[in-house]
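Line by line, the protein sequences give chains F and R. Our numbering puts the first residue of the first sequence at 1, with every later residue one more than the last. Our numbering puts the first residue of the second sequence at 1, with every later residue one more than the last.
Hints listed in this document are in silico derivations from the structure and should not be mistaken for laboratory results. Hints may be right or wrong, so weigh each one.
Claimed, not checked - A few chain F residues facing chain R, derived, Cβ under 8 Å:
hint, residue
1, P18
2, H65
3, T93
4, V96
As the list claims (entries may be wrong) - Quick list of simulated restraints, FRET-style, between CB atoms:
hint, chain 1, residue 1, chain 2, residue 2, range
5, F, C39, R, G171, 39 to 47 Å
6, F, K151, R, E14, 46 to 54 Å
7, R, P142, F, E157, 41 to 49 Å
8, R, S279, F, R4, 42 to 50 Å
Every residue gets a Cβ at the ideal spot worked out from N, C-alpha and C, and that includes glycine.
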Amino acid sequence: MRLRFRLNGRDVELDVPPGRRLLDLLREDLGLIGTKEGCGEGECGACTVVVDGQPRLSCLTLAIHVEGKEVLTVEGLAQRGGLHPLQEAFVETAGVQCGFCTPGFLMAAYALLLRNPHPTPAEVREWLSGNLCRCTGYKQIEEAVLRAAEKLRHVQEA
Amino acid sequence: MRPIPAVKPKDLSEALQYLAEGGKPLAGGTDVLVAIRKGQERPKLLVYVGELPELRILRDTGEGLEVGAALTHAELLAHPATERLPILRQVLRTIGSPAIRAMGTLGGNLVTASPAGDSLVALYLLEARVRLVGPGGERDLPVGEFIRGPRQTALAPGELVRSVFLPYPPGQPHSFFRKVGRRRALVIAVASLGALVWVRDGRVERARLALGSVAPTVLRPRAVEEALVGRPVAPEAWEDLVPLLSAATQPISDLRASADYRRKVAGQLLLALAQALPSPA
Numbered sequence: 001m002r003l004r005f006r007l008n009g010r011d012v013e014l015d016v017p018p019g020r021r022l023l024d025l026l027r028e029d030l031g032l033i034g035t036k037e038g039c040g041e042g043e044c045g046a047c048t049v050v051v052d053g054q055p056r057l058s059c060l061t062l063a064i065h066v067e068g069k070e071v072l073t074v075e076g077l078a079q080r081g082g083l084h085p086l087q088e089a090f091v092e093t094a095g096v097q098c099g100f101c102t103p104g105f106l107m108a109a110y111a112l113l114l115r116n117p118h119p120t121p122a123e124v125r126e127w128l129s130g131n132l133c134r135c136t137g138y139k140q141i142e143e144a145v146l147r148a149a150e151k152l153r154h155v156q157e158a
Numbered sequence: 001m002r003p004i005p006a007v008k009p010k011d012l013s014e015a016l017q018y019l020a021e022g023g024k025p026l027a028g029g030t031d032v033l034v035a036i037r038k039g040q041e042r043p044k045l046l047v048y049v050g051e052l053p054e055l056r057i058l059r060d061t062g063e064g065l066e067v068g069a070a071l072t073h074a075e076l077l078a079h080p081a082t083e084r085l086p087i088l089r090q091v092l093r094t095i096g097s098p099a100i101r102a103m104g105t106l107g108g109n110l111v112t113a114s115p116a117g118d119s120l121v122a123l124y125l126l127e128a129r130v131r132l133v134g135p136g137g138e139r140d141l142p143v144g145e146f147i148r149g150p151r152q153t154a155l156a157p158g159e160l161v162r163s164v165f166l167p168y169p170p171g172q173p174h175s176f177f178r179k180v181g182r183r184r185a186l187v188i189a190v191a192s193l194g195a196l197v198w199v200r201d202g203r204v205e206r207a208r209l210a211l212g213s214v215a216p217t218v219l220r221p222r223a224v225e226e227a228l229v230g231r232p233v234a235p236e237a238w239e240d241l242v243p244l245l246s247a248a249t250q251p252i253s254d255l256r257a258s259a260d261y262r263r264k265v266a267g268q269l270l271l272a273l274a275q276a277l278p279s280p281a
């Protein structure tokens, strides 16, 4: 199929089998290897991207699912050469160790802050419950998201 | 894995044509794509019905809510119309993870027909009716007749779940849902109990119970529902019903839990329900 969608703020058009996984399309056809494949069956959240403002698992999403949609991957988070406040916060709290789960956490957290700019620690934990991390530790990740929420509030107020 | 051919029909009648040719409906993909990956299924054509307007209605009829099969759990949770169905919201909030809730649909849960399907517990409690559409037109089935067994439904070849009708329960029942599993998120329940309980003057006036993961389908333990009528709302007054509830189950042993454990947990969930209800002042 001739697939058209918005990816990280740009219009994209490519020929792709309609049943191709979004994950493969991103990584292999478009070279965006920030999105990771963990379990491949919806248990780990490593492949989370944001589609029309909602978190979505790219391993269980086909090309056909994103036709005409707005897709955001970790590559689209940073703007104008600087890190996104979420990424900065992950660095500051040591919320990244091996980094494999990080893009998924970032995108899930991004979707949370879109709908809830003032999450409580419990809401952060609940929202990230579908993302697995095997080395960093969840506490630093929770702190990173809370810190980023605060940064983003300052940005908006300034 | 070679991609499976997939099409995105422009309307319901085109979708039904593809289904008649042997296509398999695809909505959120959270079950179908996992089954394909595990080699349990290899459909020759996936028919993407997730964005068909006919499957995305949400209509308050006054008697209840007609919910299009392709609405996602997240959409239902966010929609003001589901406020009148607290049990539905309570159950949907526990499904999977935020991403899974943004992808999965009620129609998909129905067709997967898992005995552990959380949303199905709410559908059994609400005595939902499933509306099917196929080459021969439409028909309605009670959820308990639509689901025949694990992954088995009354869908005829070429048929599709179009919507689900959720009648508003009469009065002001208390809603309860508790599932026991090994991880809070993305958990496939070892056992779950949902309930609608009408209480008057500290006693049970009427109760609907639905058990998940302890039988080939979600189960309504009618004997326990009847035995609850007139009982005071207090765990000690329900203790003799624990074995009755356990006896109603037909659990299996699998990698998540043994049958015996499931039977016991189901019984204990009844006492958890008694504790969760407001006790007589």
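Going through the hints against the structure:
The interface hint given for P18 (chain F) is met, as the beta carbon of that residue sits about 4 Å from the closest beta carbon of chain R, less than 8 Å. Below 8 Å, beta-carbon pairs count as interface contacts, and H65 (chain F) has one with chain R at about 7 Å; its hint therefore holds. Proximity of T93 (chain F) to chain R is violated relative to the hint, the smallest CB-CB distance being about 21 Å (cut-off 8 Å). With its C-beta approaching chain R no nearer than about 20 Å, V96 (chain F) sits outside the 8 Å limit, and its interface hint is violated.
Distance hint check: the CB atoms of C39 (chain F) and G171 (chain R) are about 44 Å apart, consistent with the given range 39 to 47 Å. The hinted window of 46 to 54 Å between K151 (chain F) and E14 (chain R) holds, with their beta carbons roughly 48 Å apart. Checking the proposed 41 to 49 Å range against P142 (chain R) and E157 (chain F) shows it is violated: the Cβ atoms sit about 54 Å from each other. The hint said 42 to 50 Å for the Cβ distance between S279 (chain R) and R4 (chain F), and at roughly 59 Å that hint is violated.
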